[in-house]
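Quick mapping for you: the protein sequence lines, in order, are chains C and L. Each residue of the first sequence is one higher than the one before, starting from 697 at the first, in our numbering. Each residue of the second sequence is one higher than the one before, starting from 3 at the first, in our numbering.
Hints in this document: simulated from the structure, not taken from any laboratory. Don't take each hint at face value.
Restraint-style ranges between C-beta atoms, simulated for each label pair [stated by the list, open to error]:
#: 1; chain 1: L; residue 1: Ala114; chain 2: C; residue 2: Leu1034; range: 38 to 44 Å
#: 2; chain 1: L; residue 1: Ile127; chain 2: C; residue 2: Arg986; range: 47 to 53 Å
#: 3; chain 1: C; residue 1: Lys1035; chain 2: L; residue 2: Ile127; range: 29 to 35 Å
#: 4; chain 1: C; residue 1: Leu1034; chain 2: L; residue 2: Gly139; range: 53 to 59 Å
#: 5; chain 1: C; residue 1: Arg986; chain 2: L; residue 2: Ile246; range: 33 to 39 Å
#: 6; chain 1: L; residue 1: Pro91; chain 2: C; residue 2: Met697; range: 49 to 55 Å
#: 7; chain 1: L; residue 1: His223; chain 2: C; residue 2: Leu983; range: 26 to 32 Å
#: 8; chain 1: L; residue 1: Pro229; chain 2: C; residue 2: Gln1067; range: 49 to 55 Å
#: 9; chain 1: C; residue 1: Ala987; chain 2: L; residue 2: Gly261; range: 46 to 52 Å
#: 10; chain 1: C; residue 1: Leu983; chain 2: L; residue 2: Gly240; range: 23 to 29 Å
#: 11; chain 1: C; residue 1: Leu983; chain 2: L; residue 2: Asp262; range: 51 to 57 Å
#: 12; chain 1: L; residue 1: Met3; chain 2: C; residue 2: Ala718; range: 49 to 55 Å
#: 13; chain 1: L; residue 1: Asp74; chain 2: C; residue 2: Asn1036; range: 46 to 52 Å
#: 14; chain 1: C; residue 1: Met697; chain 2: L; residue 2: Val56; range: 54 to 60 Å
Only part of the chain C face toward chain L is listed, based on derived beta-carbon distances under 8 Å [stated by the list, open to error]:
#: 15; residue: Ala704
#: 16; residue: Val706
#: 17; residue: Phe714
#: 18; residue: Asp813
#: 19; residue: Arg814
#: 20; residue: Ala818
#: 21; residue: Glu904
#: 22; residue: Leu929
Quantities reported herein were computed from a predicted structural model and do not represent experimental measurements. Beta carbons are placed, not taken as given, at the ideal position from N, Cα and C, and that holds for glycine.
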Amino acid sequence: MKLYRVGALVERDMRKFFRSPALMMVSMVFPLVQLIVLGYAFGGKIKSATVAVVDQDHSVESRRLREMFNGISVGPKTFRVVDYDSLPKALGDLRAGFVRGVIQIPYDFSRRYFQHDRPQVAFTEDNTDQFTSTSLQASVQQMVSSMNEPLVTPRLDSQIQLETVEMYPYVEYAKFLLAGTTSMSIFIVAMIGGGITFIDDKSRGLHEGYLLTPIHKSELVTGLIAAGAIKGLMAGMVLTIIGGLIVGIPRIWDPVRLMYLVLVVLVASIAMISFMFLVMVRVDDPLVPRAIFGVLNTLLFFPSGAVYPVEGFPWWLRWISIVDPFTYTVNALQNLTLKNTGIEGIYKDVLILCGFSVVMITGSILLFKRQL
Amino acid sequence: MNAIEVDHLTKKFGDLVAVDEISFQVAEGEIFGLLGPNGAGKTTLIRMMTTLTVPTSGTARIAGHDIRTDADGVRNAIGVIPQAFTSDPELTAQENMLVHAKLYGVAGATRAQLITDLLESVDLIKFRDALVRTFSGGMRRRLEIARGLVHSPKTLFLDEPTTGLDPVSRTNVWEMIRTLRKKSEMTILLTTHYMDEADKLCDRIAIVDHGKLAALDTPTHLKDNVPGTDTVEAEFEGAPSDWIAQLQTLSHAAGVTQGDGVVHIASNNGPATVAALMDLARARKVTVRKVSVTSTTLDDVFLHYTGRELRDASHQVGLDVSHLYK
C-alpha cells in the first residue's frame, strides 16, 4: 500500500470539507437540537399533576392523610390535590382526563384503622401515561408508608433498613443523552461523507478519474475511510465539548479525559464510516443512501442504549444492540462523561469497535469494484 | 515499435456484442482516430484499453503492458481524458492537478513547476485558484487534458474530447493535441464522431460500426478508396422509375446511391457530371430541386464502408418517439 496515494485522497476530502462547512454544521445542528429538546423534555420530574381526593370518612385519621397529600402539593409539587365530594364525579373526570388519579378514603377507613383491620386507601390512576402514573404511585405509596410508621419509635429498631449510596452526583437526562448525541453526530458524518457524497461522486463520474490512476482498491477504500474518520473525529469532539458545556458535564477540559474521548470518538468514527462504506460499496443510485438514512438511524441509534437502558429491551432488540457499533460508542462515552472512568471503563468497547472496523474494512476492500 | 496493439478484443453485455473481435496497431508518435457514431462501441473499446472494463475475450498491449496481466503497468504508462468530466468541481484547478500528481507519485520537488507549466500550456494559469465548478465546458476539457498529462505519459487516450464544446473551444483542443504530438512525440488515440475532427487530426483512422472495424487507413487512402474524387448531391421531382439507372450512365459517374430522397453520385469530374445531369433532366422533364458538388469527405467514406451516413447512424441509436405523435 502506497501511503502517498491514501494521503492524496485524504487531502482532497479535507480541502473540500474545510471549504464548505455545511457538513460540519449539518452533523452538529441536528444532534445538538436533539440533545437540548429531548434531554430537557424527558429529563424532568413530574410536577403539578392534578389528583382528586374523595374523603368519604371525614375522620381525624382521614384528615391526617389529606394533610399529608396537601404537603406534597406545597413540597415536592409532584401533584396538587383537588377535593371531590362524589366518587363517580371524580372517576368521570379521571376518564375525561381532567385529573390524573383519584384517591378514595372509604367510609370505614378510621374504624378499620383503630381496629387494626387492614385499613385501605384506593388509588385509581390514569395508566395511559406510564411516566406520570409511576411517579404518582411512588408518591402516594411513600405517604401511605409513612402513615404506617409507629408513633413511638422503639429504642432498638429490629427492622432491616436499606441504605442507598449513590456513587455519582444526580445525573440529569440531558447528561445521560450526551453520549448518544455524540454518536449521532458521528453517524451523520458517516452517512453524508461515507454514503451520500461517495455515491454522488460515483454518479458524477469523479471516481472514473481515480480508477484511471494506478491506485489500488485497498488504497482507495483506506483513503476514503481515513478522510471520513477524521471528519467524524472533528464533529464528534466539537459536539462532545459543546454538548458537555450545555448540559454541565463537570471538568470537561480534563486533559486525560479529553485524550480518552479522542480515542473513543476516533475508533467510533472509523467503525461507523467503514460500516457505511460496506453498506454502500456496490450502490450506484444516489437515491439509495438518502432513502435508507432514516431506517439506519433508527436501527442503530435507539437499540444502542442511548435513550433507554438496553436491559429494558426485548430479546430481539438486545441482539441488534450487540452488533450495533453505537452500543459500544455510547457505553464508552457514558463511562467517560458521566463516571469519568479511565482506560478500564473503555478498553473493551474500544477493542470491540476496532475488531468491528477490521471486519468492515476487509469486507469493503473485497467487495469494491476496481472496474466500471 | 507499436505503442498500442489490440488483439481480437471483444466485449459482450449479455447478448449484446458491444465490441466484436477488433484488432489494430498504433505506432509510437501516431495520432490514431476511432471514428463511429454514438453506440458504435468506441467508448467500450477505449475503456478496455485503459483497464476500466474487463474484456470478454482478446487482449491489448499498451506500451508493452498487457491489459489483462499488467493493469498497473498500463495505468502508469497512459494518460486518459474520459468522455465525462471527472475533475472535482469543489476543488480548484490547481488542487485537482495536485491530487492527481500525488496519486501518480510525481516527486514533490518537480510537482509545483510541472503543474504550473501544464496549466500555462492549456491557458488556465489565470484560473488556477478558481473552483472548477465555475469553469465553462471548454475550460474543464482543457483542465482534464492537463490533468491527464500530469505524470508525463507516453500514450494519451482521449474519448470524444470535443463533444459538447463550441467551435472556438473545439479548435483550441485540436491545437493542443497537435502541439502535444509535436513537442513530446506522444502517441495519441482519440475517439470521435466528428468527421472533420478525424480528418484534420488523425494520421490514421479506424471506422467502427456496430462494434466492428469497418475500415482502417490514412484519411487520404480512405477517401481514395471511395469511387470518384467528387460527390454530386441532388434532389429531384417527377423522377421516373428508371432514373437511378439512367444517372449511372452520366459522364464521369463512378457510382450512384440514394437515401432520404437525396441522390449521391460519385464522380471523377464533378462539374462535367453536373452538366450532363442537367441535360438529362431537361430531356426527361425531371425537375432538379437542388444540386451541389463537393470533394470526397470522410462522410462519403463512412457511407461507402457502412452503407449509411454517419448522421443517420447516430440517429439510429436515439430513442424513437415518433409513435407518440401519431
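Hints numbered earlier in the text: which of these fail when held up against the supplied structure?
1, 2, 3, 5, 6, 7, 8, 10, 11, 14, 16, 17, 18, 19, 20, 22
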